[in-house]
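Student: The primary structure of each chain is shown beneath.
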Amino acid sequence: MKSKNMSRRSFLKLFAGATAGTLLLPISKLTGKQNSLFNKTNSTREAKYYKAADKLAG
Amino acid sequence: MKTSVVQCELCPRKCILKNGDRGNCGVRINLDGKLQTLVYGNPAAVHIDPIEKKPLYHFHPSTLAFSIATAGCNLHCKYCQNWQLSQRRPEETSNYDLPPNKLMDQALKAKCKSIAYTYSDPVVFYEYTYDSAKLAKENNILNVMVTAGYIQEKPLLDLCKYIDAANIDLKGITEEFYQKMSAATLAPVLNAIKIMIDQGVWVELTNLVVPTWNDKKSDFQKLCDWISENLGPDVPLHFSKFWPQHQLKNLPPTPVETLSIAWDIAKKTGLNHVYVGNVPNHPGNSTYCPNDSRLLIKRQGYTIIENNIIDGKCKFCKTKIAGRWT
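Residue numbers (the working numbering), protein chains in the order written: chain A, 47 to 104; chain B, 737 to 1062.
Fair warning: there could be bad hints in the mix.
To be verified - Below 25 Å or equal to it, Euclidean Cα-Cα: the simulated DSS-like pairs (lysine-lysine) are: (1) B:Lys890 - A:Lys97; (2) B:Lys845 - B:Lys870; (3) B:Lys870 - B:Lys838; (4) A:Lys94 - B:Lys845; (5) A:Lys97 - B:Lys750; (6) B:Lys754 - A:Lys97; (7) B:Lys870 - B:Lys847; (8) B:Lys1004 - B:Lys953; (9) B:Lys897 - A:Lys94; (10) A:Lys94 - B:Lys1004.
These aren't lab readings, by the way, just hints derived from the structure by calculation.
Given these sequences and hints, build the entire structure.
Tutor: This is the structure:
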């Protein structure tokens, strides 16, 4: 596990150098901890805004 | 024979989907007559950013935003800097398990003032944004959207109840530009900007200046005229430097002179808070008093070096400065 100072230095380097690019890093790169949130198989959930449209099917 | 066709009503595309079809955004699917989102609770990007990176310069400066995004987008901008996320389907990205309650835990643990729904577009992960924003409000965490604003009126009004601030891309000021650059239309975006402001959301606008596409003086003037006439002088406008990306790697970066011209035109049009983004050490990185032009906030990158706004007013002449400062 990285020290707190190392994590902060890494964090400062990351956003100080950013220009147009957006940094897309696993959160573990910032905290130095093993990311236990990673790689979940996506499930589905019903959308809020839609309607049946059988008559539009042609 | 009964079909199971649905029509999505989230964005102006209003995709009509047969069973098994995906929406244009790539993250909604018709499963037996029910439209489902494939990205609820599963962001592909999780990061802690300074709020200035959104960019939001008049909203709780020097605070941190816990920033998330899923795969997918309902626009297809040729210059997208996040195309590896926005132009991908969720099965093509590595995704976190971060439902709203876990997202709150992480944001609180990281001492973030806000959660930002960003990078791709929160419109396409609407349900996740909505539920998370509602929970964030209960936990005194602010909610920020970074969006192209390509959304229907009803879902936007519903979401605005929980959104505190937004940076909205005003990519161009003609329908032709939106069609050619982003395969979208302009009118719904203009409507979304007005709605969010009317609903009390703090709004800042970003215009990415792309050489040969939207970099003429007339483009800047038309854009600024629309803002001035429809929104007033206090909505911050960020002109941002383009860097070659995605499908526009053949173009050069935006010259600094072009951005300076845009900055001047906007100020002469009467807009009070105009910025130049992605150009280090440009005077357009800083905030100035609209009354006496004194330097209010000096920025170096995303870091504030000097702040002369006290209780939301210019320290020198006491003019109220538009924004949400505390």
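Student: Does each hint fit the structure? Answer for all of them.
Tutor: Now the hints, each set against the structure:
no. : hint                 : result
1   : B:Lys890 - A:Lys97   : 14 Å, holds
2   : B:Lys845 - B:Lys870  : 18 Å, holds
3   : B:Lys870 - B:Lys838  : 14 Å, holds
4   : A:Lys94 - B:Lys845   : 30 Å, violated
5   : A:Lys97 - B:Lys750   : 10 Å, holds
6   : B:Lys754 - A:Lys97   : 12 Å, holds
7   : B:Lys870 - B:Lys847  : 18 Å, holds
8   : B:Lys1004 - B:Lys953 : 12 Å, holds
9   : B:Lys897 - A:Lys94   : 16 Å, holds
10  : A:Lys94 - B:Lys1004  : 44 Å, violated
The structure fails hints 4 and 10 (numbered hints given earlier, in ascending order).
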